[in-house]
Amino acid sequence: MAKYIISRLLQSLFVLFGLSLLIFFIARVMPGDPARVALGSLATHEQVQNFREEMHLDKPFPVQYYFWLRSLLRGDLGKSLYTRRPVTTDLKAYIPATLELILISFIMSLVIGQVTGVLAGYFRNSWFDGLSRLISYIGVATPAFAVAIFFLLFFTYTLNLAPAVGRLSLAAVPPPRITGFFILDSVIAGKFGTALEGLKHIFLPAASLAVANIAQEGRITRTSIAENLQKDYVIAHTVYGIPRWSILFKYLLRPSLIPTVSVMGLAFAYQLSNAFLVELVFMWPGFSRYAVTVMLNKDLNAIVAVVLVIGVAFFLVNVIVDIVVSFLDPRIRLQRTGG
Amino acid sequence: MTPLLEIKNLQVRFKIYEGELKVLNGVDMVIGEGEKVGLVGETGCGKTTTVKSVLRVLPTPPARISGGEILYRGKDILKMKPAQIRSLRKGEMSAIFQDPLAALNPVFTVGHQLYDVIKYSSASRGRKRLSKKEIRARSIAVLKETGMPDSERILSNYPIQLSGGMRQRVCISEALSASARLLMADEPTTNLDVTIQAQILRQLSELVAKKKSSILLISHSLGVVRNLTERVYIMYAGNMVEVARTKDLFADPLHPYTKALLKSVPKLTGEGISRGIRGRIPNYLNPPAGCRFHPRCDHMMPICEKERPAFFTGGDSDNHKVACFLCRR
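For the protein sequence lines, the chains are A and B, in the order given. The opening position of the first sequence corresponds to residue 2 in the numbering used here, with each subsequent residue numbered one higher. The opening position of the second sequence corresponds to residue 885 in the numbering used here, with each subsequent residue numbered one higher.
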């Protein structure tokens, strides 16, 4: 297992290298002189020339790449033209908010999606399977922002059960920053009231994001459970006296999770950039909104950073998915390491 | 001999898009206490369906048991509650399946699967629960009993890491760990090569003899059945067509299907490969009326198309029964 993880991580170093090259290339082929863009139209020709030398923009591409990578590794991504702050400062502020959001949404879709998927697969073609299929179709077909608006109208304006917008209410004091996750930080700081407040605020946006994933993942799990139920080993386990619940939630769930895990991973990374409309509806100060804003403002440094973050997120998720799948499926692990 | 298992007029149908497949068409069978019984028939004749019906693991739907009784020690399995069936599976009935790779869970180690099998089957009978160490020791012991080499190391292996023979040994260990009174072995050696086949069968029959279990050995290899069983049933298209003591059946086969089956075995004397039986197993959607074998039979009579033959006593022994109008006296 450890051997497999190490070899997988080594492989992924190449992917990261490729990713950095790609982003550097995109940043350089974008129309417009980066020095001119950075200094604005009022700068003199001499100022632009000096800036160019200072930023090594007069050097050949490989040298430029070297300096770019060096500052990237130091955490220097330049200044945002839109917020006038270092891009890394912006990222530190916005990423945890979105990460917290999609993490909660991920947990929701994991728990609800798997339970309904397993039950629908086990009782396939029953009324429960039919109902969950119908709800899934609606869930997949409805865009997340529509779900968000519906939730807002129903739970907040009609039932008045949940707060409408933001990560905390205006009066609340955010917890001291440790991870940037308000709920986690509040718990660490011992402020359970604030944690509860945070949970209340995050519930609706996370649920809006989760709906489509619950539907999709539930269906995939349902299909593989239904398929694996026909396998000889299920009959063998039954005949050899293993109880039904153990077969269902252990012997059947583990092989059935394999296809779901890949989908869950991609859905997670996808939401990092795709939570935009939901963040807008709930006025969530998140990364997705930031990403769209900087793109609309042609904020070059910030765009590079955003692309980098999304790229790295997909990359990390893929590594994690591979490791989880190889944990679930010994066939993959044994083939790759040859033992 | 007291009957351990008695199947009476068992009928099983499968629902498919085009209609209903009438697979088991009134199967009758008796297995005595401690008896070794063979069941022979072509692929698709309903052998596995019979076994799955007895174990109550037929997928329903699409399958439906539409008639008959399966009596285990006089009690009808088809009328039992799930809890009673579960307790039957722990220590009364067990089975070994055709494809050991498919019968083992691919994502759990051999030890893990064997552990659960031993844990749950030993927990049922009012005994105190075994400790982890005891279960592990028993796992190693049951693997050793099947002639598994290096059984301690095998526990941490996954099924794909084992050879075909080893996989089947693991399955046999799982099946016999709860010392079943009735073991149904559904073509246990079909997927193995001949030398391993012989080893496994020898060990299996030794184990069964030691535990005084009854065995139902399903095979399409007549040689295997001839060597290991006392009585044999011949099945064709969802019906039993002939039953006799093994030596009587091989000496004096009476049903045209049995005769053709025995004739189709290639001989070592080099007479070439026989022609086999003309035609093929019938379509279960619209099976032939009367005797299901009549379209393929060389001795077809008008009555064969109309009536289903009952069992007639034939040959020299009262135990030799044939479902064929040729033997009606």
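No lab work stands behind these hints, which were simulated from the structure alone. One or more hints might be untrue.
Straight-line alpha carbon distances no greater than 30 Å define the calculated DSSO-like cross-link-like pairs of lysine-lysine that follow [claimed, not checked]: (1) Lys4(A) - Lys1016(B); (2) Lys232(A) - Lys1028(B); (3) Lys892(B) - Lys251(A); (4) Lys251(A) - Lys1147(B); (5) Lys232(A) - Lys1190(B); (6) Lys232(A) - Lys1131(B); (7) Lys1131(B) - Lys251(A).
Just so it is clear, the structure is predicted and the values come from calculations on it, not from any experiment.
Do the hints match the structure? See the list:
1. Lys4(A) - Lys1016(B): holds, 29 Å
2. Lys232(A) - Lys1028(B): Distance of about 27 Å is within 30 Å: holds.
3. Lys892(B) - Lys251(A): violated, 37 Å
4. Lys251(A) - Lys1147(B): Measuring from Cα to Cα gives roughly 49 Å; hence the hint is violated.
5. Lys232(A) - Lys1190(B): Violated. Lys232(A) to Lys1190(B) sits at ~39 Å, over the 30 Å cutoff.
6. Lys232(A) - Lys1131(B): This hinted pair is violated, its Cα atoms lying about 37 Å apart.
7. Lys1131(B) - Lys251(A): Measuring from Cα to Cα gives roughly 47 Å; hence the hint is violated.
Against the hints set out earlier in the document, violations occur for numbers 3, 4, 5, 6 and 7.
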